[in-house]
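Undergrad: Each chain, written out:
Number of protein chains: 2
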Amino acid sequence: MRPPGSPPASQPHGERHNVAHRIALRLDAPQRSLSSARNSNRGVAPVPADPVLVEVRRGDHVESRHRGAAVVTDAAGRLVFAVGDVARLVFPRSAIKLIQALPLVESGAADALGLSTADLALAGASHNGEPRHVAGAAAMLARVGRDETCLVCGAQWPQREDDRGRLHIEGRTPTRLHNNCSGKHAGFVCFAVHAGIDPAGYGAVDHPVQRTIAAAIEDVVGVSLADTPRGRDGCSIPTWALPLDGLARGFARLGSGTGLAPTRARAARRLIDAAIAEPFMVAGTGRFCTEMLTAAAGRVYVKTGAEGVFCAALPDLGLGLAVKIADGATRAAEVVTATLLAALLGRRDDPAFDRFLRPPIVDWNGATVGGVAAIDGLAADFAP
Amino acid sequence: MRPPGSPPASQPHGERHNVAHRIALRLDAPQRSLSSARNSNRGVAPVPADPVLVEVRRGDHVESRHRGAAVVTDAAGRLVFAVGDVARLVFPRSAIKLIQALPLVESGAADALGLSTADLALAGASHNGEPRHVAGAAAMLARVGRDETCLVCGAQWPQREDDRGRLHIEGRTPTRLHNNCSGKHAGFVCFAVHAGIDPAGYGAVDHPVQRTIAAAIEDVVGVSLADTPRGRDGCSIPTWALPLDGLARGFARLGSGTGLAPTRARAARRLIDAAIAEPFMVAGTGRFCTEMLTAAAGRVYVKTGAEGVFCAALPDLGLGLAVKIADGATRAAEVVTATLLAALLGRRDDPAFDRFLRPPIVDWNGATVGGVAAIDGLAADFAP
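Protein chains in written order, with my numbering: chain A, 1 to 384; chain B, 1 to 384.
Treat the hints with caution; some may be incorrect.
What the hints assert, rightly or not - A few chain B residues that don't get close to chain A, going by computed Cβ distances all over 12 Å:
| # | residue |
| --- | --- |
| 1 | ARG57 |
| 2 | VAL144 |
| 3 | ARG264 |
| 4 | ARG355 |
| 5 | VAL362 |
To be verified - Footprint (simulated), chain A over chain B, 3 or more residues, beta carbon under 8 Å:
| # | segment |
| --- | --- |
| 6 | 103-117 |
| 7 | 153-160 |
| 8 | 235-242 |
| 9 | 265-275 |
Hints listed in this document are in silico derivations from the structure and should not be mistaken for laboratory results.
On a predicted model such as this, the values are computed, not experimentally measured, just so you know.
We put the beta carbon where it would ideally sit given N, CA and C, even for glycine.
Using the sequences plus the hints, can you model the full thing?
TA: Dropping the structure here:
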């Protein structure tokens, strides 16, 4: 119907003019053309838009677009790269599990309980609920004489079909150990018991475990949580909305130790080293975090959070990164994160990074019918 | 940390001023504030933004936002409601399965083969792969002496955990009959065999089946497909990018018959009546289309498509509706569609519609921690 490779007609993505009045005219145009429509656009707000960062193509046509914000800073908060509204308050969700695991190490619990490198990686994981993850969380709890009944995270089916299938075949249902956050929660319980704190109700915002974590967030990210919007995460513990640029600076600090007390800097480095040494435990088979930790060969710590969030640290560059896709899409957050990491690592043209930068969309027969990628210009000239 | 119910600080969603130069200033602001950052925003295009239509809240804080376009027209294309860029070309994906099923009825195949109302609903379905869907598609194929091996849609695991579990327990893997499109594909094969067309390769763009469907799309939507971007759908058949307002007009025509040849109008009405009579067959347990077809009590035909698309017909009002969420999110497309349908049906305050209008977000313990809803102003004063 149309010559292969020819640009689709009437597509706005060819427009790359960074001129505000052009935006205004184009935003206004469809509304003026609809002046005959009754009540149209009444009350529909032109909320300030982040730029498009990711395009989803089917054939040659852009089917969907993702907007968002991304920021790279050093430990002092100096902006190295920024796009979109990087001052916005973002629920980091699971992207700050590294911070949430700090008390486990800083308190001496990890050493006293003899936790392994894999255990420390699991304490900061959003895992698939694969057998090693489930067994690991159970073993952590056993070290303090507890079991899954003390976890508040709720039960969740494993991520992968074969792991779900095994449960079905065995006539079982998933437990809280299968929850993608079970390692983090097991870490909370280990910390509490070691510190002489009753772990009961450890998910409540005023429980000593969450208060200790809140103080660590305030210190690392450099914010007060007193007036910050708070929500409840999927695993039933508090999550606070934090400025995206503060998250980037926080991860620069975690990676470099700069600006952190020595005990905290050592704990952060140990947790980062654990994730790099045991990337499977951080996520699992086929997962972005596991594969990126591996591909970056020790130069990157990276962690996903729900609703399109990523945080990363690049210790040897002294930089931190934070991404939020406005609509919450993980597929977009992954390619933005990969694009920035590839630029920072000088691996934009490395074939090993291609699957992160341009993941295909396949049909049910496995044939490629499209793909997801950052817009051409994103970080094009960017090298730290 | 913050009094319950108090508005979060620094959140832009309070801004509701529909003034273009304000948009321009605000879009420009974050870029100027980042002038010290190296290479920031280079090449990042301010693609014209659709307005925010949907907010996703966690606690009192807006965690994610979805932009998009939505349009309601009559069969002549007169705009009744429109927001966003409604002229854009959108892959309708599965939202036009009703059009793709027209040849099955128009050709006389449905009658000659004795297809039931449930079969006709299934021919336009994106189903869960529940046992009734799977059996229904197999039975349709059996009527022309075929089986699943002739389908090109590929295999897909059923949508629901208990249906997947049954396959695991029985040591089976999913077949092409479990594919959410198997009813549509079975309809293609029934049409082809009845019409004396070899169904082999029926998914190819130049196969008589797809050429017949393409002609139906051109007629109903009122476009030429000759210069239209084309992609391959997840079930390996062609999908053409169509103007969103043309889709709305097309569904107004399908629902009312206005502007269609009598045979086509009767076929459309029969397929719509089949979906309304057998809503389970259109999608399945817990699915938006099935539940909305039921809740609307015969006044609405509605069908989802992948990547945030919905099409609907309101026959007694003579109207059609089309929605595209820019980022492709189904959760947002559902609440926009529900909000517009509730307004059109005068059921905005009907408790039976509340679950469509404000679906909750729950944690792994089942507790409500947030929700998805259209922005307050969307269709606020809208009554056709």
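Undergrad: Say whether it holds or is violated: B:VAL144 keeps its Cβ farther than 12 Å from all Cβ of chain A.
TA: Per Cβ check, B:VAL144 is outside 12 Å of chain A; nearest 22 Å; holds.
Undergrad: Is B:ARG264 truly not at the interface, in the sense that its beta carbon sits beyond 12 Å from all beta carbons of chain A?
TA: holds, 22 Å
Undergrad: Can you take a look at whether the segment 103-117 of chain B is actually covered by chain A? Rule is 3+ residues, C-beta closer than 8 Å.
TA: With 0 residues closer than 8 Å to chain A, the segment 103-117 of chain B misses the three-residue bar; violated.
Undergrad: Checking a non-interface call: every C-beta of chain A should be farther than 12 Å from the C-beta of B:ARG57. Is that right?
TA: For B:ARG57, whose nearest Cβ neighbour in chain A is about 8 Å away, the distance does not exceed 12 Å, so it is violated.
Undergrad: Check whether three or more residues of the segment 265-275 of chain B sit with their beta carbon closer than 8 Å to a beta carbon of chain A.
TA: violated (count 0)
Undergrad: In terms of Cβ atoms, is chain A entirely out of 12 Å range of B:ARG355?
TA: holds, 20 Å
Undergrad: The output says B:VAL362 does not contact chain A. Does that hold with a beta carbon cutoff of 12 Å?
TA: violated, 8 Å
Undergrad: Confirm or reject the coverage of the segment 153-160 of chain B by chain A under the rule of 3 or more residues with a beta carbon closer than 8 Å to the chain's beta carbons.
TA: That given contact holds, which follows from 5 residues of the segment 153-160 of chain B lying within Cβ reach (below 8 Å) of chain A.
Undergrad: Closer than 8 Å Cβ to Cβ for three or more residues is the test here. Does the segment 235-242 of chain B pass it with chain A?
TA: holds (count 5)
In the structure shown, a violation is registered for the earlier hints numbered 1, 5, 6 and 9, in ascending order.
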